[in-house]
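Colleague: Spelled out from the first residue to the last, the chains are:
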Amino acid sequence: EDQVTQSPEALRLQEGESSSLNCSYTVSGLRGLFWYRQDPGKGPEFLFTLYSAGEEKEKERLKATLTKKESFLHITAPKPEDSATYLCAVQPANTGNQFYFGTGTSLTVIP
Amino acid sequence: NAGVMQNPRHLVRRRGQEARLRCSPMKGHSHVYWYRQLPEEGLKFMVYLQKENIIDESGMPKERFSAEFPKEGPSILRIQQVVRGDSAAYFCASSPIQGGQPQHFGDGTRLSIL
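If you read the sequences in order, they're chains A and B.
For the first sequence, the working numbering assigns the number -1 to the initial residue and increments by one for each residue that follows.
For the second sequence, the working numbering assigns the number 482 to the initial residue and increments by one for each residue that follows.
This is chain A alone, in the form it adopts within the complex (with noise of 0.2 Å):
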């Protein structure tokens, strides 16, 4: 069965501190890997695509990285701004075009 689990479920930094974010994933064959970034109150705003093992993407203070099994979101040096929730989705590659997400990881930059 297609599965995403995403840990911790919730992180607490102060700014500067970095930290990485973790997605585990089961499929039967990976079209992409996708990261989100949810605002309260806000729809999932898109982040990066990730399609094979090795991929790494860079956007200002995220990096987000690929192997067969895992994927992470490296935060470095977080700002306040940076505080939200942080999706991980999966597209296999043999069930149409549905994504499967993980439940999130809540995370607050402390000024």
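List of simulated lysine-lysine pairs, DSS-like, C-alpha gap at most 27 Å:
1. K525(B) <-> K66(A)
2. K40(A) <-> K525(B)
3. K552(B) <-> K525(B)
4. K55(A) <-> K525(B)
5. K532(B) <-> K40(A)
6. K525(B) <-> K61(A)
7. K40(A) <-> K57(A)
8. K40(A) <-> K508(B)
9. K543(B) <-> K532(B)
10. K508(B) <-> K57(A)
11. K525(B) <-> K67(A)
Here chain B is said to cover these stretches of chain A; the calculated rule only asks that three of the stretch's residues, wherever they fall, bring their Cβ under 8 Å from a Cβ of chain B:
12. 27 to 36
13. 39 to 47
Example chain B residues on the side facing chain A (calculated, C-beta under 8 Å, incomplete):
14. H512
15. G523
16. F526
17. Y529
18. I536
19. G540
20. Q579
21. G580
22. G581
23. H585
24. F586
25. G589
These are calculated hints, taken from the structure and not from any lab test.
Glycine included, each C-beta is placed from N, C-alpha and C at the ideal position.
Given the coordinates of chain A, work out where chain B should sit on it, guided by the hints.
Modeller: Leaving out everything else, chain B in the frame of chain A:
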């Protein structure tokens, strides 16, 4: 604003009434997806549509729920005879092509059932 537009943002219905949720995809996108988000749970896929066609409705309850994406106008998610358990945030997403491309989301409709 060229993003995915959903309305209404908030909808309150009494048990037994009908709820209609609307979604206009991003310009140039012909693939529409509906997801439901319950508190403390992840986004769950409901249905995938292209213009005038339902491609995959495997995540949608068999009864009371229906979706359409007509040739003209927005996609509609319709819930008949709503019950308390239908209270959730419903998100619409769109993509330009199928497979391997990010889906871009609207800000959702928060449905509350009294």
